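Asker: Chain residues, written in single-letter form:
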Amino acid sequence: MTVSIKLARTVKDLLQMAQTEYFDAGHRTCQGCESAMVLRWVAKAAGPNTIVIGATGCMYVANTTYYTTAWALPWIHTQLSGTGSAVVGTAAALKALMEKGKLPNEKINVIGICGDLGCADAGGLSEVSNALTHTKYNFLILMYDNESSANTDIQETTMTPYGALTTFSQVVSR
Amino acid sequence: MEVVGTGTDAVAYALMLADIDVTSAYPIRPYGGVMQTVARLIADGYLKAEYIVAAHEHDQFEIVKHASAVGARTFVGSSGVGWLLAIEAIVAISTDRYPVVALIGNRALDDPPGAYGVEHNDALMVRDVGWLLVWVDTAQEALDTTLIAYRVAEDPRVMLPVGISMDGAFLTHSEHVFKIPPKSKVQKFLPPYDLGNRKLHPSNVISVAPQVNEDWVTEIRKQMDEAMKNARKVIEEAYRDFAKIFGRDYGNPFVEPYMVEDADVVMVGMGTVSKPIKEAVRRLRAKGERVGFLRIRWFRPFPTDDIIRYLSGVKVVAVVDRDYSFGSPFDGGAVFTEIRSALYEAEHRPLMMNFIGGLGGREITYNDAINMFNMALDAARKGRVEQRVIWYGVRE
Amino acid sequence: MVSKRNPDELLKFIPARDSPPYTLVVVYGERSIGDFWTFPDDGTVERVLGAIAKVMPSILTLDDVKRYLESLDKPSERVNRALEAYQSLVKLREVRPGEGLPYKYEPPHLPGWKDMMIGGAIPGLKPNQRNPYFTGGTAKHYRPVINFDKCIKCSLCWEYCPDSVFDVTPDGYFNPALAYCKGCGVCAEVCPVPDTIIMVDEMEFEDGYGKFIDEYRAWKENREAYRKWFESLLPKAQVISVRKR
Ligand code: SF4
Ligand code: SF4
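Protein chains in written order, with the numbering used here: chain W, 1 to 174; chain P, 1 to 396; chain H, 1 to 245.
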């Protein structure tokens, strides 16, 4: 099966395309999770010719639960700090395989999604930084910064603002 | 075509023949030579592949994991603590079942750093997590084993990564004469990499490695257990086909027996330690001593049947470990412990000795091998082992 | 259970069990909920400990509870909460086998290792296919009820819903698939027309457990009845946005 990219020509077309969900209901995000809403729109904007990479974080834990998934796009997990590496590996492989005729030549979006712990901490920053030096590959890295390691109990990350209360904050308890 | 080159050169030529698509590099001795040769092969137009310089080893291994996921044949490698820095990605490669092939230029672990020489503990760190592990002995074997590794790893019955271990300095940096086979033969031997329904592509919408709970992990690990067991058969098939297509027959794929028939004392080892030991076997045989040598090629899956076949009935088995396993059942090396365990089921259990030596690249010479054999022969004559584990050559 | 309702009312929402009989203990109070997580600091833990001391002193006596709570921060506040529950806030109800909501939980069939894809891979969804194995709709405490008569079809509710709950109807309305709605109230918050999406306590409805009503269909079938129903719910609606009232 090959996927054809449909270009919107009219506003109606656009609305029709916008109505297609690629990140759909049935995930475990908390009520009213704005990151889930953002992902839903990222997926719509990217369209079907997309590979999504999710680093460890709540947007990975909550959106896929083994044997079920909320993704109608090819999706793969990468290690906590692996977003930069994963997008480079994926984009490089697509480039190599297309140039060598092992895959049909088409535009495939590569999107890596990580939280602040994944991309701003945990060695992730260095892998993102390295990824940015590989300018011949096309990819998008999306960091949703909720200023904490929310999924693992709201611990501090380097993005936590000064004075914010996290479960790693050394506050006096009495 | 016959050429002169190092062990890592030989692997690089094999990568050219296997037509890898993506590789990722990060410098560390002694594995690094392979990436220098690959870079030259790409620059000279012999190989078309994406060559990605990584931020560090974790980056490096994560890159190839994801390249492998979309259907690229990949190569990666490291040494010593570099390999261990990547361990998170290394484990994810095997649990995600991507047939990545890696070269481990065996190197002593830090600290203290700077011992570029061989020690097998780096590769052995992953012996329990679903990596196939093989030790090579010559540049030719390195080239051939790399091709075999891709064939075994990518077999749908296996789909596990392979780590090719090569003794640092002794093989990575020593020059050998070896033959480069024609590409046409390689194409006959090695089918294209096909992930089947696991290929990550918009035409095949799957989710890989979602968050998992206790309802599933046992089943996922059991699949890996089965794949590792299947690997024994697949390795045998691969060596058989290799002999047919390339005309080079390695005999038993898992171990290399050297004059073990009717031997009273058999030394066991992995990697280049074979050279001095084989020489010692020849000289001692000439003097009428019944000694032999068994070189283990595949450590994972472990060749239990072959170990029993060749070692049951021998009087003394002396294992040379270029590694350590502190606090293990007999405070010996990892290979010793595994062989001892394998022989538990044997009809005739031999006496067992363990030499821990050659650490950090210290050479095990012909004279050392003779010494070790003499100690083992002595035990054979007496019918008992006085000291089970000997730190060979340690300064008191 | 922590609730302001009495045990009989609650039992309408608790699936019936075959056996053995059990005691439903209701601790009076506002339910403790941050949706999926319990807030550790709203006194629920203390009240439940007090209730246990009252109902099953063989497990925990009031002295045990006091001793424990006094070792924590804000001890007097905590002890008071426990005492409150111990002294007056606990209601008991014996529940016989078969009493309760007639709902049978069917555990899902888990495939064996030979039937699973290797490498932790699973089939993905098709576009517009909601995850059939995980709905999450039973987790909600408030339900959006929509007054289609007032809806101006602006699509904001559909745009903002993080759970892709709204189906677009052929005539341009937005119909919530309640099985997937977690009851966050975002849609009610963004709806520009006052009292068009209202959030109503889920315990006002008895259609949960996977057979939620189809609001749009109900409205289409009988607008008058739907309007009456909506108006009956209006006084019970949660005030979502101060801005709008
Ligand atoms: S309450 Fe929340 S989850 Fe439910 S329909 Fe509204 S926005 Fe979606
Ligand atoms: S936000 Fe309100 S007015 Fe707009 S479409 Fe939804 S229900 Fe109708």
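Because the hints were derived from the structure by calculation, they are not lab data. None of these values were measured; they are calculated from a predicted model. Don't take every hint at face value.
[To be verified] Calculated pairs, SDA-like style, for lysine to any residue (alpha carbon to alpha carbon, straight line, at most 20 Å):
{"#": "1", "chain 1": "W", "residue 1": "K102", "chain 2": "P", "residue 2": "G196"}
{"#": "2", "chain 1": "P", "residue 1": "K275", "chain 2": "P", "residue 2": "A169"}
{"#": "3", "chain 1": "H", "residue 1": "K114", "chain 2": "P", "residue 2": "Q223"}
{"#": "4", "chain 1": "H", "residue 1": "K114", "chain 2": "P", "residue 2": "D215"}
{"#": "5", "chain 1": "W", "residue 1": "K102", "chain 2": "P", "residue 2": "K199"}
Asker: Does each hint fit the structure? Answer for all of them.
Answerer: Tested hints:
1. Of the pairs offered as hints, the one joining K102 (chain W) and G196 (chain P) holds, with about 14 Å between alpha carbons and a cut-off of 20 Å not exceeded.
2. Distance restraint check for K275 (chain P) and A169 (chain P): the Cα-Cα separation of roughly 14 Å lies within the 20 Å cut-off, and the hinted pair is therefore satisfied.
3. Pair hint K114 (chain H) plus Q223 (chain P) holds up; C-alpha atoms about 7 Å apart against a cutoff of 20 Å.
4. Pair hint K114 (chain H) plus D215 (chain P) holds up; C-alpha atoms about 15 Å apart against a cutoff of 20 Å.
5. The suggested pairing of K102 (chain W) with K199 (chain P) holds, with an alpha-carbon distance near 13 Å, which does not exceed 20 Å.
Taken one by one, the earlier hints all hold for this structure without exception.
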